[in-house]
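*Asks:* Sequence:
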Amino acid sequence: MSLRSRLSTPDESGPAREDGHLVAVYRAKLLEEIDLAEMSSLAAAERRVRLERVLGHIISREGPVLSSAERSQLIRRVVDEALGLGVLEPLLADASITEIMVNGPDSIFVERAGRVEQLPLRFASHDQLMQTIERIVSTVNRRVDESNPMVDARLPTGERVNVIIPPLALTGPTLTIRRFPRAYTLPELIGLGSLDEQMLMLLAAFVRARFNVIVSGGTGSGKTTLLNALSGLIPSRERIITIEDSAELQLQQEHVIRLESRPRTSRARATSPSATWSATPSVCGPTASSSARSAAARPSTCSRRCRPVTTVPWPPSTRTRPRTPS
1 MSLRSRLSTP DESGPAREDG HLVAVYRAKL LEEIDLAEMS SLAAAERRVR LERVLGHIIS
61 REGPVLSSAE RSQLIRRVVD EALGLGVLEP LLADASITEI MVNGPDSIFV ERAGRVEQLP
121 LRFASHDQLM QTIERIVSTV NRRVDESNPM VDARLPTGER VNVIIPPLAL TGPTLTIRRF
181 PRAYTLPELI GLGSLDEQML MLLAAFVRAR FNVIVSGGTG SGKTTLLNAL SGLIPSRERI
241 ITIEDSAELQ LQQEHVIRLE SRPRTSRARA TSPSATWSAT PSVCGPTASS SARSAAARPS
301 TCSRRCRPVT TVPWPPSTRT RPRTPS
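Residue 110 in the working numbering sits at position 110 of the sequence shown, and the numbers go up by one each step.
Calculated directly from the structure, the hints in this document are not laboratory data. Check before you lean on any hint, since a few could be wrong.
[Said to hold, decoys possible] The list that follows gives simulated cross-link-like pairs (lysine to any residue, SDA-like), each with its CA atoms no further than 20 Å apart:
hint, residue 1, residue 2
1, K223, V207
2, K223, P166
3, K223, R48
4, K223, P167
5, K29, G84
6, K223, D245
7, K223, Q131
8, K29, E70
9, K29, R53
10, K29, D127
11, K29, S96
12, K223, T174
13, K223, R237
14, K29, R48
15, K29, E111
16, K29, A113
17, K223, P187
18, K223, E111
19, K223, L170
20, K223, Q252
21, K29, I59
22, K223, G172
[As the list claims (entries may be wrong)] Okay, the calculated beta carbon distance ranges per label pair:
hint, residue 1, residue 2, range
23, L155, G217, 51 to 61 Å
24, I34, S67, 40 to 50 Å
25, R112, S68, 44 to 54 Å
26, V54, P187, 46 to 56 Å
For glycine and all other residues, C-beta sits at the position ideal for the given N, C-alpha and C.
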């Protein structure tokens, strides 16, 4: 099997590990000659061009004899490892993929048009997968380790990320990347059959009347899509504040303040009951909440003009009784 085919479709563990080692070797050589920190002020495209040029010189000077296509494949793989997410970079560039599921270094699945398929791609090692995970979570000031083995994060381009590592993940680190579709308007949702005219009239009345609205549902059921569409009914004069675990809302108004939760520190857990609360994604103006995931019942005031709302665990226990909003 040629180097080109093994770089692009590593479908056997031996060649895959061999090519992964080759990529790791040239990544190390590249980082010996260039400081990525000094390039942080450059645009992403310019950083990539510069790394490709330097790496090309390294391969010409001391690398194996390669065809033009093989050389390009190797350079792309090495630069993807240095700047991006390695073997996942081509998948992120594929607009037809809506979800990427990594169940360990040797198991990568994707979802296209509602169909899940396994790809003949794999990480070179467990350590390489962990490096990719740590790179993702560090960009949003999160951390993942044995004391904090499950993390929600996002990529700079907006995709939502979920990471689970041992001891919670028994068979190794898992990584899920969900790409959100574009924001739909309410008329478009009607055209797609997601809503009908009567449902739209009811939801619009709720927003105009400034009702507190909870949008809930299972994974992939369209909570964010509906909430984005509903936000289009909020008057432009209103000040909107969003509070999310991982930022994913795509509101169309200009008068918006976006807030995102941060990891809890051990000190905060020990001294402040409020540090145990999980931020509930919500929209303040007319109030809308896409989930209720708090550890304990708590009142929250969305803005000066909103009524206080109490969020409670579900299902309620015998010790916790829902309180009626005042």
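*Asks:* Would you mind marking each hint as holding or not holding in the structure?
*Replies:* Hints, one by one, checked against the model:
| no. | hint | result |
| --- | --- | --- |
| 1 | K223 - V207 | 16 Å, holds |
| 2 | K223 - P166 | 30 Å, violated |
| 3 | K223 - R48 | 36 Å, violated |
| 4 | K223 - P167 | 30 Å, violated |
| 5 | K29 - G84 | 17 Å, holds |
| 6 | K223 - D245 | 15 Å, holds |
| 7 | K223 - Q131 | 32 Å, violated |
| 8 | K29 - E70 | 18 Å, holds |
| 9 | K29 - R53 | 13 Å, holds |
| 10 | K29 - D127 | 18 Å, holds |
| 11 | K29 - S96 | 34 Å, violated |
| 12 | K223 - T174 | 24 Å, violated |
| 13 | K223 - R237 | 25 Å, violated |
| 14 | K29 - R48 | 16 Å, holds |
| 15 | K29 - E111 | 35 Å, violated |
| 16 | K29 - A113 | 40 Å, violated |
| 17 | K223 - P187 | 17 Å, holds |
| 18 | K223 - E111 | 19 Å, holds |
| 19 | K223 - L170 | 30 Å, violated |
| 20 | K223 - Q252 | 17 Å, holds |
| 21 | K29 - I59 | 10 Å, holds |
| 22 | K223 - G172 | 30 Å, violated |
| 23 | L155 - G217: 51 to 61 Å | 23 Å, violated |
| 24 | I34 - S67: 40 to 50 Å | 25 Å, violated |
| 25 | R112 - S68: 44 to 54 Å | 30 Å, violated |
| 26 | V54 - P187: 46 to 56 Å | 51 Å, holds |
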